[in-house]
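Now for the letters of each chain:
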Amino acid sequence: MEKRATFSSTTIGLLFAAPMLVLIFVFFYWPSGQALYWAFTLEQPWGGGNTWVGLQNFRQLLMDPYYWGAISRSMVFGLGATSIAMGVALLLALFTDREMRGHKAYRSIFIWPYAIAAPALGLAFRFILAPEAGFLSLINQIWPGLWNPALDGTDAMIAVIVAFSWKYIGYNFIFFLSALQSIPRSLIEAAAMDGSGPMRRMWDIQLPLLTPTLFFLLVINITESFQDSFGIVDIMTQGGPARATELMVYKIYFDGFKGLDYSGAAAQSIILMGLVVLLTIVQFRFVERRVHYK
Amino acid sequence: MSSIAIKGVKKAYAKNAVVHGVDLEIATGEFIVILGPSGCGKSTLLRMIAGLEDISGGEIWIDGKLVNKMEPRARGCAMVFQNYALYPHMTVAENIGYALKVAGVPKAERMKRVAATAKVVGLEAFLDRRPAALSGGQRQRVAMGRAIVREPKVFLFDEPLSNLDAKLRVAMRAEIRRLHRRLGATSVFVTHDQTEAMTLGDRLVVMNGGRIEQVGTPAEVYNRPATRFVANFVGSPSMNLMEGSIDRHGVFVYDEQRRIPLPGAIDARLVGHKVTLGVRAEAARLVAAGTPGSLPATVDFIEELGAGRVVHTDFDGLSFAVALSDPAAFETGDTVGVMIDPADVHLFSAESGARINALAQLPPVPVAS
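Line by line, the protein sequences give chains A and B. Numbered per full-length UniProt numbering, the first sequence spans residues 1 to 294. Numbered per full-length UniProt numbering, the second sequence spans residues 1 to 369.
A hint or two may mislead.
Said to hold, decoys possible - Non-contacting residues of chain A with respect to chain B, defined by C-beta distances greater than 12 Å in every case (computed): (1) V22; (2) F27; (3) F40; (4) M63; (5) I109; (6) I111; (7) A117; (8) L121; (9) I158; (10) V162; (11) E189; (12) M193; (13) D204; (14) F216; (15) F230; (16) V277.
To be verified - Using 35 Å as the maximum straight-line C-alpha spacing, the simulated DSBU-like pairs for lysine-lysine come out as follows: (17) K65/B x K15/B; (18) K104/A x K10/B; (19) K112/B x K167/B; (20) K104/A x K15/B; (21) K15/B x K101/B; (22) K119/B x K101/B; (23) K65/B x K10/B; (24) K69/B x K104/A; (25) K7/B x K107/B.
Calculated directly from the structure, the hints in this document are not laboratory data. Ideal Cβ positions, reconstructed from N, Cα and C, are used throughout, including at glycine.
Modelling step: build the complete structure from the supplied sequences, incorporating the hints.
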């Protein structure tokens with residue numbers, strides 16, 4: 001039986017719940033509500049009232065080729081970062097699972113990148129990937145100008161994808177490793193007795209049994225790639241060069257705080273929110289159905 | 001078909017030795033049961049034959065080939081696991097056919113063999129189900145089917161019946177026996193259940209503490225246990241054991257009131273030594289208290305088994321079981337006599353636990369003095 005604390009009066013119970021309720025309301029529902037309201041108004045940058053404009057903000061956005069550019073770049077970023085972060089993490093976990101010595105150390109070491117704030121991470125990668133002084137400057141010495149995220153849009157996109165993936169590899173690794181560890185040893189042994197080699201066992205037994213975890217991480221990674229990328233982009237590229245890394249979340253910030261177009265930024269937030277919700281629903285409806293075998 | 005030779009096989013984890021040099025020859029087509037309590041190293045030995053555990057010392061030969069360094073798949077063994085280890089994401093047909101698929105058997109032939117195997121284990125109706133939708137007995141059958149489908153040289157069973165209920169266990173036991181008669185493959189079956197061991201095995205291997213205590217047919221192991229451990233472990237209820245000594249008249253003395261004359265002449269060197277005397281519950285009889293030659297006892301409690309009953313008596317602190325086929329005419333607390341036929345006793349060295357066969361007919365056994 002689950003242990004429960006019961007309170008004689010409802011007031012005490014409500015008091016205990018109050019801090020969390022206040023937090024959720026102040027930091028989630030209030031701003032969301034405010035954004036929703038602003039998205040349908042025209043807000044003056046210096047305060048002083050607003051006017052109701054209906055869907056005009058949205059109409060304007062969807063007519064704007066730059067906005068569509070941001071959406072497609074976000075898709076490229078999301079797919080790239082998710083596949084790298086999940087692919088590398090899966091490989092690491094599969095190989096770690098075979099030789100488990102020191103797995104506790106791996107667990108704590110690999111989770112650290114996830115604890116690093118995005119701006120700090122962005123700064124570190126800005127140095128690491130700097131064309132003139134970073135690790136890749138060697139390449140530039142051999143082929144001058146081959147790598148320069150400050151000038152080449154593709155390089156810049158690669159740089160932010162790498163930085164973001166680095167942060168999530170550890171996170172994904174932890175989940176993959178625990179999922180692998182929870183596969184009964186005897187299943188692997190049975191497959192070995194059935195004549196299956198290590199690679200074949202990974203493909204036939206371990207991967208199929210990992211699908212619930214794969215699905216969960218897919219949802220988390222794609223969602224986070226849409227939202228958590230701001231700090232990295234802001235520090236590493238500021239959306240440049242020539243908007244090559246201007247993702248949706250960065251454009252919200254830029255249009256809102258730099259362009260002082262609060263209403264447009266609010267409308268973008270609502271679209272982004274809607275997109276994330278939509279993706280999650282799609283994933284749950286169509287992908288999850290195929291992954292549960294029990 | 002294949003024979004297995006195990007020569008001085010050892011297993012140690014870090015510093016803990018769990019199997020200390022086991023020697024065993026298994027003939028082609030034989031059904032061997034390895035019996036022992038938990039932690040005696042029986043499963044480890046089986047897993048070393050299968051190739052799932054490294055061998056720390058000694059050699060294992062299958063079919064005349066040294067397999068110490070071979071991968072499990074190269075050894076030609078099939079194994080049935082205690083928890084069945086079915087692949088949860090595959091149907092029954094896919095579970096059974098997996099080994100064939102890995103071996104690259106064409107699909108048409110694979111389907112044919114899977115269907116034939118399913119018929120043998122009685123699963124034709126369930127081929128499209130997942131393991132989660134099967135009962136315990138059906139899962140057990142899938143595990144068996146998975147083992148027999150590729151016609152292995154050697155079958156290994158790792159306590160496959162211990163997760164089934166008692167009735168199903170008896171049915172599966174008969175089925176395994178039938179299957180073995182039909183396929184004739186060399187089989188090694190590990191269990192801690194002595195009934196299972198007695199009924200299944202051509203020969204039993206009784207293990208304890210990482211060593212083999214006795215190898216022999218079920219009848220040999222039951223009738224002439226080689227050590228005190230085997231005597232105690234095999235048989236239900238377990239053999240009654242009494243610690244005592246032999247006096248110069250060749251009489252076993254447990255205490256003042258309880259003496260048992262031993263048959264034949266006694267080796268002089270045994271006199272005065274500590275020995276353990278064993279008597280099976282079936283070999284003892286209950287008589288009225290005070291009957292000459294009987295040992296005084298009080299009735300502790302009676303276990304009714306339907307076909308018979310076991311009367312647990314008390315020898316001033318030592319429990320002594322007597323199996324009766326007739327209804328018991330005694331009640332708890334009654335004073336009775338226990339009659340033991342001297343021909344039915346087993347003697348074991350109190351120090352080493354080894355059987356003493358010396359009673360006159362056999363050459364004397366050296367006893368440390």
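Hint by hint, here is what the structure shows:
1. V22: holds (45 Å)
2. F27: holds (41 Å)
3. F40: holds (49 Å)
4. M63: holds (48 Å)
5. I109: holds (25 Å)
6. I111: For I111/A, whose nearest Cβ neighbour in chain B is about 29 Å away, the distance exceeds 12 Å, so it holds.
7. A117: holds (39 Å)
8. L121: holds (37 Å)
9. I158: holds (36 Å)
10. V162: At about 34 Å from chain B, V162/A clears the 12 Å cut-off, so the statement holds.
11. E189: violated (5 Å)
12. M193: Label violated. Min Cβ-Cβ 5 Å, cutoff 12 Å.
13. D204: violated (7 Å)
14. F216: holds (17 Å)
15. F230: Its Cβ never comes within 12 Å of chain B, the nearest being 39 Å, so this holds.
16. V277: V277/A is indeed farther than 12 Å from all Cβ atoms of chain B, at 30 Å.
17. K65/B x K15/B: holds (29 Å)
18. K104/A x K10/B: holds (31 Å)
19. K112/B x K167/B: With Cα atoms ~32 Å apart, K112/B and K167/B stay inside 35 Å; holds.
20. K104/A x K15/B: holds (23 Å)
21. K15/B x K101/B: Violated: K15/B and K101/B sit about 40 Å apart, past 35 Å.
22. K119/B x K101/B: Holds, at about 19 Å.
23. K65/B x K10/B: holds (19 Å)
24. K69/B x K104/A: Given pair K69/B, K104/A holds - Cα atoms ~30 Å apart, limit 35 Å.
25. K7/B x K107/B: With Cα atoms ~41 Å apart, K7/B and K107/B exceed 35 Å; violated.
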